[in-house]
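Chemist: Residue strings, one per chain:
Protein chains: 2
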Amino acid sequence: MEDLEPVYVKLGGSFITHKDKPFSINFKALEKTLLILGRAKKFTTIVAGNGGGSFAHPVVKQWIMHDLSDLIKYCQNATRKLNHIIVDYLVNHGVDAVSIQTSAIIVHSSKEYKVFIEPVRYALRQGLIPVLYGECIYSETRGYDILSTEQVFGVIARYIKPKRIVLLTDVKGVYTCDPRKYTKCKVIDEITKNNLEIVLRSIASSADRDVTGSIYSKVKYMAEISSSLKTDVYVVSGFDVEDSISAILGKKPRTGTVIRTYE
Amino acid sequence: MEDLEPVYVKLGGSFITHKDKPFSINFKALEKTLLILGRAKKFTTIVAGNGGGSFAHPVVKQWIMHDLSDLIKYCQNATRKLNHIIVDYLVNHGVDAVSIQTSAIIVHSSKEYKVFIEPVRYALRQGLIPVLYGECIYSETRGYDILSTEQVFGVIARYIKPKRIVLLTDVKGVYTCDPRKYTKCKVIDEITKNNLEIVLRSIASSADRDVTGSIYSKVKYMAEISSSLKTDVYVVSGFDVEDSISAILGKKPRTGTVIRTYE
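If you read the protein sequences in the order shown, they are chains A and B.
Residue 8 is where the first sequence starts when you use the working numbering, and the numbers rise one by one after that.
Residue 8 is where the second sequence starts when you use the working numbering, and the numbers rise one by one after that.
If you are wondering where the hints come from, they were derived from the structure by calculation, not from laboratory data.
Note that beta-carbon positions come from the ideal geometry of N, C-alpha and C, so glycine has one too.
Everything hinted at is true.
Where chain B lies over chain A, by a calculated footprint (3+ residues, C-beta under 8 Å):
hint: 1; segment: 70-80
hint: 2; segment: 85-99
hint: 3; segment: 106-115
hint: 4; segment: 122-132
hint: 5; segment: 135-148
Subject to a maximum C-alpha distance of 20 Å in a straight line, what follows is the list of computed DMTMM-like cross-link-like pairs (lysine to aspartate or glutamate):
hint: 6; chain 1: B; residue 1: Lys88; chain 2: A; residue 2: Asp95
hint: 7; chain 1: A; residue 1: Lys48; chain 2: B; residue 2: Asp74
hint: 8; chain 1: A; residue 1: Lys191; chain 2: A; residue 2: Asp177
hint: 9; chain 1: A; residue 1: Lys88; chain 2: B; residue 2: Asp95
hint: 10; chain 1: B; residue 1: Lys49; chain 2: A; residue 2: Asp74
hint: 11; chain 1: B; residue 1: Lys118; chain 2: A; residue 2: Glu125
hint: 12; chain 1: A; residue 1: Lys118; chain 2: B; residue 2: Glu125
hint: 13; chain 1: A; residue 1: Lys49; chain 2: A; residue 2: Glu38
hint: 14; chain 1: A; residue 1: Lys121; chain 2: B; residue 2: Glu125
hint: 15; chain 1: A; residue 1: Lys88; chain 2: B; residue 2: Asp103
hint: 16; chain 1: A; residue 1: Lys49; chain 2: B; residue 2: Asp74
hint: 17; chain 1: A; residue 1: Lys48; chain 2: B; residue 2: Asp77
hint: 18; chain 1: B; residue 1: Lys48; chain 2: A; residue 2: Asp77
hint: 19; chain 1: B; residue 1: Lys68; chain 2: A; residue 2: Asp103
hint: 20; chain 1: B; residue 1: Lys121; chain 2: A; residue 2: Glu125
hint: 21; chain 1: A; residue 1: Lys237; chain 2: A; residue 2: Glu197
hint: 22; chain 1: B; residue 1: Lys48; chain 2: A; residue 2: Asp74
hint: 23; chain 1: A; residue 1: Lys49; chain 2: B; residue 2: Asp77
With the rest of the complex left out, here is chain A (with noise of 0.2 Å):
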């Protein structure tokens, strides 16, 4: 285990692109990213990663049924284009990122998540942040897996432990219901051990089954993260720039979730 100690932020597929409209970005999203990202590498190192959002998504939708090598294919190629918008946009405007790609570093084998960490260890000891992202990669087994960031995320965290996690994210974190369907939804301030199942049935009953399915086996996922690994995941609004800072830099922000399930 290094002593790198980066924080890792995801960017979400929701606040990075239109999530209704196919292979479109939110350059709003990208410039507010341009500005979290630029003023808080000045105070610590960061490993970062993008959803697939209206990328990835309908692209899988369209070619789970067919060969797996037309899969792979046009997934790749799919989440590959929206990474490098991303990278040349922060690049072009004097951000110090490089793009790393998972499924180049990570495969699954017949029993585990097999990594070379080596080349994120080297871009983070150069000053840079690795931008890594949710891809369809290659599986011994299965042929191919679709791994989310926040995966992404948990299979590296073993190599390069996170000093904390981030997700930017389209609202302004976990509600209680989901925001865009009814209007009575708080932000949950703090997800710990003692609220986990009261938050999780809330989410569950309240919400559509689609968007349930989605926000809340993140919220189990990223709460058994913050529970293995002992770090604080933050859930903020990318589009506030000051609260991603905040979060980022370890300081509560004015609105925003923490699920710390450790203590």
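Fit chain B to the supplied structure of chain A, relying on the hints for placement.
Modeler: Chain B in isolation, oriented as in the chain A frame:
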């Protein structure tokens, strides 16, 4: 060592780009590549790699005296761009190609190149053509290292033995002198142990210093590869689809050079 036995095919930088115009693709070469790989793939597995051409060389020249992190960032930005134009073009025209980021699977550690070969192996098993590229990779000792596509082939050949290696260039093979400068140069049919020294001396004495450095060292390196791997190395014009396919399938091209220095 795996028994996949692919043919390694290099899309030379001077073939795939206009070398004298920065960031300029030779679309005629791209069309030829599509025909060559599309047809050859029916008969053999292929690992492809593309040179940096007019994308990488000016950028490396511009940034090599700057901070290491700048050099890495801009070099990778440029090489990635070219590779993805090529892979996107192939994928969009129905060729089962995937990009594999060289700097994500090869790093230079204190004594040697560390390689994560699984993504290449798994891609081949899925019937895909992995397309690697010459790139600025991370080095533990020096910060960065520039690997040509030939060197990438040399490094991964230790794990997946190539059936043969084919270099697609913008000229018809290895010439007795520089055909862009002199009119009487002839393509050398075969380079063997017996004529290697004469050929090298002939190239060194008749060509420009710049060109010499490049062709001289390429022939020398390929002769070493041929000899150590006991593999034929073909040098043919990528603009000649028939000759390119012949070389890939191990048949003598009408015009071209075979380097066979292992006998």
